[in-house]
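Undergrad: Produce the entire structure from the sequences given, and follow the hints as far as they go.
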Amino acid sequence: MDAALPTHAAMLRGRIFGHVGLMTGIAILVVAFACAIFAPLLAPHDPYFQDLAARLVPPVWQPRGTWLHPLGTDNLGRDYLSRTIYGARVSLLIGFSVMLVSGLIGTTMGLAAGYFGGRTDMAVSFIVTARLAMPVVLVALAVVALVGGSLVVVIAVLGLLKWDRFAVVMRAATQQARAQDYVAAAKATGASTLRVLLGEVLPNILPQLVVVATLEMASAILLEAALSFLGLGVQPPLPSWGLMISEAKAYMFFSFWMIAIPGTALGLLVLAINLVGDGIRDVAAPEGRA
Amino acid sequence: MGLHPGGRMSPLMRIEGARRTFSVSRGLLARKRTLHAVNGVDLEIEKGEVLGIVGESGCGKSTLARMLLGLIPASAGRIVLDGAEVGRMDARALAARVQPVFQDPYGSLNPRKRIASIVALPLVVHAIGDRAERRRRAVEMLERVGLPARLADNYPGQLSGGQRQRVAIARALVMQPEIVVCDEPTSALDVSVQSQILNLLMDLRREFGLTYVFISHNLAVVEHVATRVAVMYLGRIVELAPAEEIFARPRHPYTQALLASVLTPEPGKGLPDTHLGLAFPDPLDPPPGCGFNPRCAYARAVCRKRMPALAEDGPARVACHAYDPIHGKEFA
Amino acid sequence: MSAILTVEGLEVDLSVPAGTLHAVRDVSFEVARGETLCIVGESGCGKSMTALALMGLLPRNARRRARRLVFDGIDLAAASRTQTNDLRGSRMSMIFQEPMTALNPAYTIGNQLCGVYRRHKGGSAAAARERAAFLLGKVGIAAAGERLGQYPHQLSGGLRQRVMIAMALMCDPALIVADEPTTALDVTIQAQILKLLKDLQDEFGMALVLITHDLGVVARVADSVAVMYAGAIVERGTAAQVFAAPRHPYTAGLIDCIPVPGRTKPGERLGAIPGTVPALVGNITGCAFRSRCAHAQARCEDAPPQHAEGGHEWACIRGAA
Chain A
1 MDAALPTHAA
11 MLRGRIFGHV
21 GLMTGIAILV
31 VAFACAIFAP
41 LLAPHDPYFQ
51 DLAARLVPPV
61 WQPRGTWLHP
71 LGTDNLGRDY
81 LSRTIYGARV
91 SLLIGFSVML
101 VSGLIGTTMG
111 LAAGYFGGRT
121 DMAVSFIVTA
131 RLAMPVVLVA
141 LAVVALVGGS
151 LVVVIAVLGL
161 LKWDRFAVVM
171 RAATQQARAQ
181 DYVAAAKATG
191 ASTLRVLLGE
201 VLPNILPQLV
211 VVATLEMASA
221 ILLEAALSFL
231 GLGVQPPLPS
241 WGLMISEAKA
251 YMFFSFWMIA
261 IPGTALGLLV
271 LAINLVGDGI
281 RDVAAPEGRA
Chain B
1 MGLHPGGRMS
11 PLMRIEGARR
21 TFSVSRGLLA
31 RKRTLHAVNG
41 VDLEIEKGEV
51 LGIVGESGCG
61 KSTLARMLLG
71 LIPASAGRIV
81 LDGAEVGRMD
91 ARALAARVQP
101 VFQDPYGSLN
111 PRKRIASIVA
121 LPLVVHAIGD
131 RAERRRRAVE
141 MLERVGLPAR
151 LADNYPGQLS
161 GGQRQRVAIA
171 RALVMQPEIV
181 VCDEPTSALD
191 VSVQSQILNL
201 LMDLRREFGL
211 TYVFISHNLA
221 VVEHVATRVA
231 VMYLGRIVEL
241 APAEEIFARP
251 RHPYTQALLA
261 SVLTPEPGKG
271 LPDTHLGLAF
281 PDPLDPPPGC
291 GFNPRCAYAR
301 AVCRKRMPAL
311 AEDGPARVAC
321 HAYDPIHGKE
331 FA
Chain C
1 MSAILTVEGL
11 EVDLSVPAGT
21 LHAVRDVSFE
31 VARGETLCIV
41 GESGCGKSMT
51 ALALMGLLPR
61 NARRRARRLV
71 FDGIDLAAAS
81 RTQTNDLRGS
91 RMSMIFQEPM
101 TALNPAYTIG
111 NQLCGVYRRH
121 KGGSAAAARE
131 RAAFLLGKVG
141 IAAAGERLGQ
151 YPHQLSGGLR
161 QRVMIAMALM
171 CDPALIVADE
181 PTTALDVTIQ
191 AQILKLLKDL
201 QDEFGMALVL
211 ITHDLGVVAR
221 VADSVAVMYA
231 GAIVERGTAA
241 QVFAAPRHPY
251 TAGLIDCIPV
261 PGRTKPGERL
271 GAIPGTVPAL
281 VGNITGCAFR
291 SRCAHAQARC
301 EDAPPQHAEG
311 GHEWACIRGA
321 A
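Respectively, the protein sequence lines represent chains A, B and C.
For the first sequence, our numbering assigns the number 1 to the initial residue and increments by one for each residue that follows.
For the second sequence, our numbering assigns the number 1 to the initial residue and increments by one for each residue that follows.
For the third sequence, our numbering assigns the number 1 to the initial residue and increments by one for each residue that follows.
Hints may contain errors.
Unchecked claim - The calculated lysine-lysine pairs, modelled on DSS-like cross-linking and capped at a C-alpha distance of 25 Å, are:
id, chain 1, residue 1, chain 2, residue 2
1, B, 47, C, 265
2, C, 198, C, 138
3, C, 195, B, 269
4, C, 198, B, 269
5, C, 138, C, 121
6, C, 121, B, 269
Hint data in this document are derived by calculation from the structure and do not stem from the laboratory.
These figures come from a predicted structure and were not determined experimentally.
TA: Pasting the structure below:
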């Protein structure tokens, strides 16, 4: 123990940069975020501009492809690359917003249930069970039928429905952390319940929270795509990857790339988010008992 | 030095008929049952003493420790600190005077916090000093318990078990409490580290005039540190006496069995016969009468019917019918 | 006395992220039939790894080497996996620290006891059951027939450890390796279980290798003692030799650390060994204890000389007194 210990920050840095999955995920996410933020600068065309003379132009690597539209155009002659870049905005906005709303609801419920136990736990468990009995897509269908579909409605519906996994995982993690002696020691210093929860319990369940948050974000992005595909999510002409796939389904047999391009973007983004979640969990584990 | 139980000074802490029950369900469909973890304990803690509490797992000693710390409220009875009832006191007022040291130095330190901020937590909670002042006091206390200041910015995972236990002791002492409740403070440590921690606890007691409640299953350790010893069995105190008395003349058959079970490093002595039989105390299903009767070699009919009360016998108090003026004759 | 187990130059290396950890370094000892050898040391000294190496139960990242590893005339170092599997549980068996995790919660006591027996000895179910009931009686469990139908969680910790002992005895082993068998138990139960083990040893004549950190257990149970520090045996001898006249400064320091009723004075300072165990990753030269030793000299940087005196052996620059 007399040898100088490597600093915590140095060890953490080593673990982050040594983690291939995490670095890959971060790289893809950085690209996606850049697309979302700088879409007007990156997109070669206006994503809404319809050039009816140049409809269904294939991507550049196919015969008839042109560098004017590297990823081709859709059935209304809109530039596919520009629409894909703008589509990142919708996906990330929905993913983040839904994760924040559902995370806040679910984490609060899970923390309360796990920490206080007893009646609180019973009440939360009941609400979770009731929520799990509701099919997300059917509820979304009903809501859209009532108020009409839009970005805000999608966020609200998914955010208010998808907190169940947060609640379940946070409850279990809190129960585990609550039984630790450092929680008892903090209580024995006279610390308030809020301080114990936020200062002692939360930092120790953060890795699990991050993993659930990434899973939920990825699943919200996929759900948005599914809802948009069914015509229940964001409405045209907003460029959403789900909507693009939906609009392309009629041309699936002649122009497969119209589905493949937004589908690949969706798959890569979801993969990247999951890689980052797993990576953070690996990296954030406290130094072992060595 | 600690005062005798007979001393006339008013005690620092008084435990009066303290009970704690838990409801336990065994399986999904079984009905809930009541576990009497602490089942009517009367005890006084005198200023400056080291009160050892010994007993086997499930005897209620750790529950009692957590009751003294205000972490578990009593189901019945009272715990009084200087005239104020612990259950009704402000949590911070109690914390300033009573602090814990737990058994597992791996579980008792938050793995996500730096050592200095773990030790400074009580100061933060009590809003003492600014950030720099708190850090200064935390580092000072770390050095006092034998840890170099350079460890202040490390995380618990980078420390050895003994170093962690020193951090836990520093946290307990940073507010300068009067009573430190040590729940098996050395049981998870290696022998060579255990002796260092015991030496440290004894030094700190002299330096700060501390009172210890020292809970352990290791009688050799308790004999070394305690001035008075309470033996617990199934939630009750079965014997309470000054340390030298209880180790020289154990009265309760359970105390005798516990002492006989201590394996001193004396080769050639062989293994003791404890005469205890196979029965093991189940706090969910305590036997009628004296809780110890199924394991007791001296048990008589009365032991299976009536619970003996804690009665004076010389300098000791013992809960056994054999020391009862009326029933005692049966045991002759 | 003929040796049932001969170990010479046993080494266990673990590959860990930081490199190669030398968990057991050049360990040699012999156990005679019916003898009790206690291997004592603190956490991380390699005593459990030694036990696992004997049983062939090392973790995946471990490598075992030995100049000689002979059990009952069989060369374990050269034995095939099937041969080792046949020996393990029958001629040599192991008792673990945690009886709750060592017994399978999904099977009854009877199933587990009989399973071991029939796997190694074959025979009818009735014969296995009879043997199980007989041994449960031997380990002091009454109403054995009824107990055979119970699951591990229905028993107290002490009873579970008795069942583990019965299981270890099912196939009449010549050697039992017990790793901290009483550490998880209460003191009164510990005394009972150890006494039971010794009584059974007298009756069935098996050799016992007992791994423990508790010097009290060692003194009361051992015929011979091996003290391990940082992966190596630093001192070896009979219990009387080691406790009455410890030769290695580590053994002496360890004995000074524990409070002993009647010997240490209550409230007085206990002995202490300053510092911590050195890291065992990478090459270790010289005496591993020198950084904590009050008698350390420049010579301690070289491999410590071996001394022997009437069966009492130790590795230190300090010779006989």
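Undergrad: So, for every hint listed, does it hold in this structure?
TA: Hint check:
no.: 1; hint: B:47 to C:265; verdict: holds, 22 Å
no.: 2; hint: C:198 to C:138; verdict: holds, 12 Å
no.: 3; hint: C:195 to B:269; verdict: holds, 12 Å
no.: 4; hint: C:198 to B:269; verdict: holds, 13 Å
no.: 5; hint: C:138 to C:121; verdict: holds, 20 Å
no.: 6; hint: C:121 to B:269; verdict: violated, 39 Å
The structure fails hint 6 only (numbered hints given earlier).
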